[in-house]
Amino acid sequence: MSFGKFFSRGRKEQQVTERMADHIDLLCEACAIFHQCLVSEDRRLARKVPDMEREADVIRREIVSTIYAGAFLPYLRPDLCRFVSLVDEVFDLLQETANIFVYRTVPESLKGECIRVALLNLRMCELLRITYGAMLEGADLKEKKLGLRIYEKKIDDIKYGLLRDMMEIEVDNFWQGRLLGEFIDNLTGISDKIEDASDHLDVLNVSMR
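So the sequence shown is numbered by the numbering used here: it starts at 2 and just counts up by one.
Simulated from the structure, these hints should not be mistaken for laboratory data. In this text, a Cβ means the ideal position worked out from N, Cα and C, and glycines have one as well. Only true hints are included.
Each pair of labels, with its calculated beta carbon distance range: (1) GLU183 <-> ARG48: 15 to 23 Å; (2) VAL204 <-> ASP173: 42 to 50 Å; (3) VAL204 <-> ASP23: 17 to 25 Å; (4) GLN16 <-> ARG48: 29 to 37 Å; (5) GLU42 <-> ARG12: 40 to 48 Å; (6) MET168 <-> GLU127: 29 to 37 Å; (7) GLU42 <-> ASN174: 18 to 26 Å; (8) GLN37 <-> ASP157: 17 to 25 Å.
Computed cross-link-like contacts, DSS-like style, restricted to lysine-lysine with a CA-CA straight-line distance of at most 25 Å: (9) LYS146 <-> LYS160; (10) LYS112 <-> LYS160; (11) LYS145 <-> LYS160; (12) LYS143 <-> LYS154; (13) LYS112 <-> LYS155.
Based on the sequences and whatever the hints tell you, model everything.
As structure tokens, then:
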């Protein structure tokens, strides 16, 4: 039985799956805005991300409330809530990264690779959305999961170069250096969170077999 057929049995189930899609779509939009703000160096765009994170948190609470109001069989509820929480963790890390960008300029020598990582994060988020849709249809997820791992590996490779180059940058004080280090860690850590969410889709897929 496909997830789509299983999830469409009731109004509450349909509402949850639609809002879960909205949750991921909003994350994709936030990743796109953050990528754009790095390219343009427009800090006003970075300030939009926390607003979107708050909107996402409202969606998350709505989903969890609907699930425990009777949507789905009890054995599926914890895994559904866990997936939503994992997506929310991506939002949290993206928000932290955007907040640092508001106060810490990315050095020119690191800017190009940071933009590249932000774009790969966006592509991973878009692929997570596609993977979620495939799960609803009961399709095989292996190819999409492989794509996510390839993106994640590319980001890991870039991270090591960024950390190496960061060591050569002169900073005015300890806090400037610390903020830059946290920015790089957060930016390159977003992909790990997206992969965690993707891995949990496998758990949901197995739960229906």
